[in-house]
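S.K.: Numbering (our numbering), first residue to last: -4 to 361.
Hints were generated in silico from the structure; no laboratory data involved.
Do not take every clue at face value.
Claimed, not checked - Straight-line Cα separation of at most 30 Å, DSSO-like style, residue types lysine-lysine; simulated pairs:
id, residue 1, residue 2
1, K151, K222
2, K45, K83
3, K45, K336
4, K336, K83
5, K151, K83
6, K336, K256
Claimed, not checked - Label-pair ranges, simulated between beta-carbon atoms:
id, residue 1, residue 2, range
7, T285, N226, 10 to 20 Å
8, L338, P257, 20 to 30 Å
9, T341, F116, 45 to 55 Å
10, E107, Q277, 40 to 50 Å
11, T293, D270, 20 to 30 Å
In this text, a Cβ means the ideal position worked out from N, Cα and C, and glycines have one as well.
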Amino acid sequence: MKIGKSNKFSNTNNKLKPSNHDCIGIHITPQAIHAVLVSARSVNQISLEKYAITPLPQNVISNNGIEDHDQAVTYLQQTMRQLNSNCKNITVSLPQNLASIQVVQYNPAQTELTLDEFVEFEVSQTADLESSSYDYCYLSDTRQGKLQDILLVSCKRDDVDARLDLFSAANITPKQMDVDILAALNAVNFWINQQQPVLAGQNLAIFQVGIHSTSALITQNDRLLYKQEINLGHEHLMQAIRRNYQLSEGDAWNMVYAAGKPADFATKVGAVFQDQLTQEIQRFLQFYYTTNSHDQSTDVQQILVSGYQNDAALAIAERITQQVNIPTQQITPIAAAQANKRLDNTQLLSDSSLLTEAFGLAVRGL
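Model the full assembly from the supplied sequences, consistent with the hints where possible.
M.R.: Have a look at this one:
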């Protein structure tokens, strides 16, 4: 979505086209600032040029907003210095807990409203239009029929302005803003197109493990059909590490993302978390089938898990497959891009699961 301090984003009806040769994606969480620089010759030739991860102290960014504006600006500037790029094409994220995401159906044959008017009407049903920012895009190729599926995103304008003010204070001028979960979905779709294009036509359950929760998505032919948040994320893993190893919160977070872990980590912490995640995925699928009109055309054919990686990462796919009887893969979307030879491959492998949203934002801006 294009951004500006107004209540309407310009719509994004076009599919991905490499109109820009490079783009920076910036994703901010309470734990760190993640920035990724990619370049592209075409949609199918995307290179990872640089990336930066800047850890944040506590109480700078919360799950609901910016707590310490000045410190956040300082760390943003530090991140951009580390990235060391002149690229001005920048896409930034908005936390999904600050946004409303819905799929609405527009039928021009049954209304006198234009699409813009229809979108404004839908936004006004749940929020004050004048104090809202919103954007929409067509889903897949549904425009060929009379009934059009529209992905509609809306949020409070104050939340958007607060993010823009933060970047402006750091001398960063974003050109696009996207909701973090949609950025993650964009990254997953890129991985599918590059690694397993056969999945593009299948019904997928995608689970993006985040800081506080796991986003569960059902997609069909790249269309978002269903979305729900699972109350299990990296924070739960961090708390388990604190209990088992008597560490401070900061040291526990370091262990969550460290490449090397204690010898007993897999049995004391990793396996327990994987069992919890597997159970939550099973509950989500049961709820999805129970609450949606069931027919074989909506059956999940493949499960993809992103954003989770540790020494036993491959085991999570096996656990889920055995539990729900659906083929499952643990994926790292950024690995589908060609890495610049100057990057440290060992460090990139360790960091890759943290870069999904930032990578999806960067690809979004190409």
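S.K.: Does each hint hold? Answer for all of them.
M.R.: Hint check:
Between the alpha carbons of K151 and K222 the distance comes to roughly 20 Å, so the proposed pair stays at or under 30 Å and holds. Restraint check for K45 and K83: the C-alpha separation of about 15 Å stays at or below 30 Å, so the hint holds. Distance hint between K45 and K336 is fulfilled; the C-alpha atoms sit about 10 Å from each other, no more than 30 Å. Pair hint K336 plus K83 holds up; C-alpha atoms about 23 Å apart against a cutoff of 30 Å.
Our distance criterion of 30 Å between C-alpha atoms is met by K151 and K83, whose separation comes to about 26 Å. Between the alpha carbons of K336 and K256 the distance comes to roughly 27 Å, so the proposed pair stays at or under 30 Å and holds. Under the hint 10 to 20 Å, the C-beta atoms of T285 and N226, about 19 Å apart, fit the expected range. Checking the proposed 20 to 30 Å range against L338 and P257 shows it holds: the Cβ atoms sit about 28 Å from each other.
T341 and F116 have their C-beta atoms about 53 Å apart, which keeps the hinted 45 to 55 Å range intact. Distance hint check for E107 and Q277: the Cβ-Cβ separation is about 46 Å, which falls inside the suggested range of 40 to 50 Å. Taken as a hint, the range 20 to 30 Å holds for the pair T293 and D270, whose Cβ atoms sit roughly 27 Å apart.
Of the numbered hints listed earlier, not one is contradicted by the structure.
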